Structures are given as C-alpha cells and as structure tokens.
Amino acid sequence: MKYAYYPGCSAESTARDMNQSTLAVVKALGIDFEEPRGWTCCGATAGHQTNRLLSVSLPAANLTKVQDMKLDMVVNCAACYNRMKVANHEISSHPAIRQGVRDALDRDYDGSVKVRHLIEILLEDVGLPTIIKSLKRSLNGLKVACYYGCLLVRPPGILKFDDAENPKSLDRLVTAMGGKSLDWPCKVECCGGGLSLSRTDVVVELTGGILEMAAAAGADCIAVSCPMCQVNLDLRQQDINKQTGKNYQIPIVYITQLLGLCLGIGPGDLGFEKLMVPATNVLKKVEANSHE
Amino acid sequence: MITIKNKKNGPGLKSAIEEISGVDISVCFQCKKCSSGCPVGKLAKTRPSEIMRSLHLGAGDELLASDLVWMCASCETCSARCPMGIDVAAVMDALRRLAIERGAPKPEGNVPLFNRAFLKTVETFGRSYEIGMITAYKLGTGKLMNDTEKFPAMLKKGKIALLPPKGGDKQTVKRIFKKIKESRGPKA
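Protein chains in written order, with this note's numbering: chain A, 1 to 292; chain B, 293 to 480.
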C-alpha cells in the first residue's frame, strides 16, 4: 500500500503532533507514504476568501506533483483535504477555471488525481479487522467525544466523506480500540476555524459551546482529525476557563495519537508532550489497561 | 437588520455576486435554514438569510459592510443544509472578494489583513509560516502584545515552529501569485 502523502503546512508547526503520530501509525501498519517533492501550501481559508483562481491553483500545484508520482494523494489535515477535493471539482466542472489554472501553472491539469483522507485509508484500505489484529493496548474505559468539525464533511456533495450530519468514522476507530465513543451533539459544529487570531472572541464562544457539551456527555477527551480544531479547542481552553469561571481540562487528541498508543507506540513518539492540556488521564488509562 | 440604502442609485450587488459565485440567488425562498444552523449568526448583527433577501431586494455596497461578511467562519453549514441547493458559502466568499476589490470599510478583527499576512508568507516561502504571519498581522493591527502570553509555552512544547519553512517549490507558487495579479480572472 503506497500513497503520496501531503502533510500540509501545519504539519511542520502547530500540528507537528498530528504529523508525527500519523507517520508512526502508518509505519506500524505497513503503509508506505512518500511526500511529493517541494509540496506547497493549499491556500486554506485565506485563499478562497480572497480569490477563486488562487484557491484552485495553489492546491493544483500539488495535485500535479502527485499526478507525476502516479499515486493517490493522502491528506490528514481536514483543511488541506477539503481544498484539494474542491480544487479537483472546480477544475473538472468549469473549463474557464481549468484554463486559468493552466495559465497559472503553465501546465494543463484535468482534476483527476484521487484525493483521500487518512481515515478513509484506515477504514477502507487497511480495514478494521487488520487494525484490530495489530492492537497491543486498549482504550477500555475511556470515554471519547469524536469531533469532526466542518472541513472533513462539508461540502458533502464534493467531499463525500461519511454522513455530513452524523459521521461515524472516528467513532468506529475508537470503538475498535475498545474505547467508548460518545453520542453527543457537536460532532460537526464549527470551532471558528481560521478566525483564531482575527476574531478570538468568536472562537472562544464557539469552542466554549463545544467543550460544554463534551463535558456534559462525560468525555475524558475529544478526538479530532483537523489541526485547526485541535489548536482552537486545546489552546483556547485556558481563555474559556478565565472568561467563564469554568475549569475545563479536556485533552484534545488526534485520532492518530490514540491509535498510535493502542498500536504500542510510546507517547513521546506520538507528540503527546505538545498538547497544551496534558492528556495524562488518557495515558494513565491506556497504561493501566495494558497491565490487566 | 440590514437597511437597503441605494436601491435608486444602481442595480445592486445581486448580478455581480451571482457572476462571481455562480449561484442563482433568486431561488431562495427564505426558509431560514441557513440562519438556524449558522454558528456565528447568533453573534453577528446579520444572518445569512437576511443577506440573501437583501440581495433580492437590490442591496448595494452597504451589504459589504455587514459584520457577518467577515465573521463568517466558512464552515459551509448553510450550503450543506439549503433545501434549494444554494451555495450560500460561495455567496459569502463572493461578498468578501468584492469587499476587498471595492475597498469596503475595515471590519472588526480585520480578517482581510490576517488573510493578506497569511498569503504573503505563502508567496514568500511557498508554505505558510505562522510566526511570520502572526507578527505581520499584529503589526498591522497595532496590538502587538494582544494574545501573546501563550507563545512561550507553545515554543517550549514545540507546538509552533520558530523558523520559516523550507523545501517548498517557491518558484511555482510565485508564478501563481504573479499570474493571478496579472489576470484577475476568470472573475476572481
């Protein structure tokens, strides 16, 4: 199983923990990842809020690199995954956009490179039975609120990732690892995304609501697969506690960090030390399970 | 609430927004599902369904100053739930692009400045560079020390990269930015 792995800019900065745990997990499962040489930014939210052709050309610069590798592209960052798939859709359905991209890149691209999310690879290509066979530890007794956010599931017509209103992919992984995936109402609510610095007030309000529901559901941790969701929920917990007098201490962990632990990989190789709200409760529980 | 000011002075924004977004605004029948699901609707003075209705009624440039234009987090819940399949999020993108083009008043929090700072680092390094972007944004807002108390802990934990990214194909990215500045089309 070999794929072209597009890490995305966050993977080198605020989501190094996501990248580190992703690479550790795929290595343990025998999946081969190769980075496209010289990959560049997808443009993210700033790109599509500014200029349509820019928002398509920036992902296309990477899609053409992957086309040359003759592999499917795998993305773990929900934002990059979203922009890559939307770019493919725009290019294949609007000839004027395709022409514009051709001018910008000095190369024609038809929008045909297959873009997949890491979760899809895990569930569809590797499969739960194989994953379960590889597990060395369990999340038994751990209550996990799976949080998908926006960019993994919307726009549903283009992304076609799971059910857009009640996705279950992450929940299936948590259940396979022996954890208790919680039924809670904020799976696809918005955390405020890219407004983290420019409208911190909005982000604090939105993440505050999400944490409130996760706490009410009794979550020991929230599992995510998007760097923006992770940073907003993790980093802003302190601000929310200060502003509201609450005392949330809910670790925001990447699903790959949980999977890595269960595959027997040490927390130091999964970037656990980078979390702002320490995941001590998660690590203790998994450790205790391994002695039972 | 939006007050429509210049109905008599021109055709309004509807056709321009429809052209940029590729959306047929006239099929909206005001069910308000977009507003019900909008996560920032309850925080903003305007709602997505009001934006849609105002466009119908011939609203002009005053719509570009609505707070929702730049409070919208691009979560796309509105588009996903619209029973008529209207891409409301694309309408919001079109409003933002037009707001930049026509020099609409600076919004609170200055998201356009943030976007410029972000894209500048991409143009320079081929990949986004968070510390560079944050510095440029904060210098631009004049509130350099706002919200910086977390940086020491983030740097210590390795949660943010200090140095600019390396290895990106800068040449291609520079070409893209140059071409887009030159062309400004197809309807950017």
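To be clear, the hints were calculated from the coordinates, so they are not data collected in a lab.
Quick caveat: nothing in here was measured; it's all calculated off a predicted structure.
Backbone N, C-alpha and C fix where the C-beta goes; we use that ideal spot for every residue, glycine too.
Hints are not guaranteed to be accurate.
[To be verified] Distance condition first, Cα-Cα at most 30 angstroms in a straight line; then the derived BS3-like pairs of lysine-lysine:
#1 A:242 with B:448
#2 B:435 with A:168
#3 A:27 with B:448
#4 A:114 with B:471
#5 A:246 with B:430
#6 B:462 with A:114
#7 A:284 with B:448
#8 B:324 with B:306
#9 A:246 with B:398
#10 B:442 with A:242
#11 B:471 with A:242
#12 A:70 with B:470
#13 B:430 with A:242
#14 B:430 with A:2
#15 A:246 with B:435
#16 B:398 with B:449
[What the hints assert, rightly or not] Derived, one-sided and incomplete: chain A residues facing chain B with beta-carbon distance under 7 angstroms:
#17 46
#18 48
#19 49
#20 111
#21 112
#22 193
#23 195
#24 199
#25 241
[Said to hold, decoys possible] Partner residues aside, some chain B positions facing chain A, computed with beta carbon under 7 angstroms:
#26 365
#27 412
#28 416
#29 418
#30 437
#31 440
#32 441
Against the structure, the hints:
1. A:242 with B:448: holds, 22 angstroms
2. B:435 with A:168: violated, 42 angstroms
3. A:27 with B:448: Holds - the C-alpha atoms of residue 448 of chain B and residue 27 of chain A are around 27 angstroms apart, at most 30 angstroms.
4. A:114 with B:471: holds, 26 angstroms
5. A:246 with B:430: Holds, at roughly 29 angstroms.
6. B:462 with A:114: holds, 24 angstroms
7. A:284 with B:448: holds, 23 angstroms
8. B:324 with B:306: holds, 19 angstroms
9. A:246 with B:398: Violated, because 34 angstroms separates the two Cα atoms, which is more than 30 angstroms.
10. B:442 with A:242: holds, 14 angstroms
11. B:471 with A:242: violated, 47 angstroms
12. A:70 with B:470: holds, 29 angstroms
13. B:430 with A:242: holds, 23 angstroms
14. B:430 with A:2: With a Cα-Cα distance of about 42 angstroms, the restraint between residue 430 of chain B and residue 2 of chain A is violated, given a limit of 30 angstroms.
15. A:246 with B:435: Satisfied, since the Cα-Cα distance of roughly 27 angstroms is no more than 30 angstroms.
16. B:398 with B:449: violated, 35 angstroms
17. 46: holds, 4 angstroms
18. 48: The hint holds - residue 48 of chain A has a Cβ within 7 angstroms of chain B, the shortest such distance being about 6 angstroms.
19. 49: holds, 5 angstroms
20. 111: Violated: closest Cβ of chain B sits about 16 angstroms from residue 111 of chain A, beyond 7 angstroms.
21. 112: At about 19 angstroms, which exceeds the 7 angstroms cut-off, the nearest Cβ of chain B leaves the hint on residue 112 of chain A violated.
22. 193: It holds, given that the least Cβ distance between residue 193 of chain A and chain B is near 5 angstroms, below 7 angstroms.
23. 195: With Cβ-Cβ at 5 angstroms, under 7 angstroms, it holds.
24. 199: holds, 4 angstroms
25. 241: violated, 13 angstroms
26. 365: holds, 5 angstroms
27. 412: At about 10 angstroms, which exceeds the 7 angstroms cut-off, the nearest Cβ of chain A leaves the hint on residue 412 of chain B violated.
28. 416: Constraint on residue 416 of chain B not satisfied, violated at 11 angstroms.
29. 418: Holds. Min distance 4 angstroms.
30. 437: violated, 13 angstroms
31. 440: violated, 10 angstroms
32. 441: violated, 9 angstroms
Violated hints for the displayed structure, listed by number in ascending order: 2, 9, 11, 14, 16, 20, 21, 25, 27, 28, 30, 31, 32.
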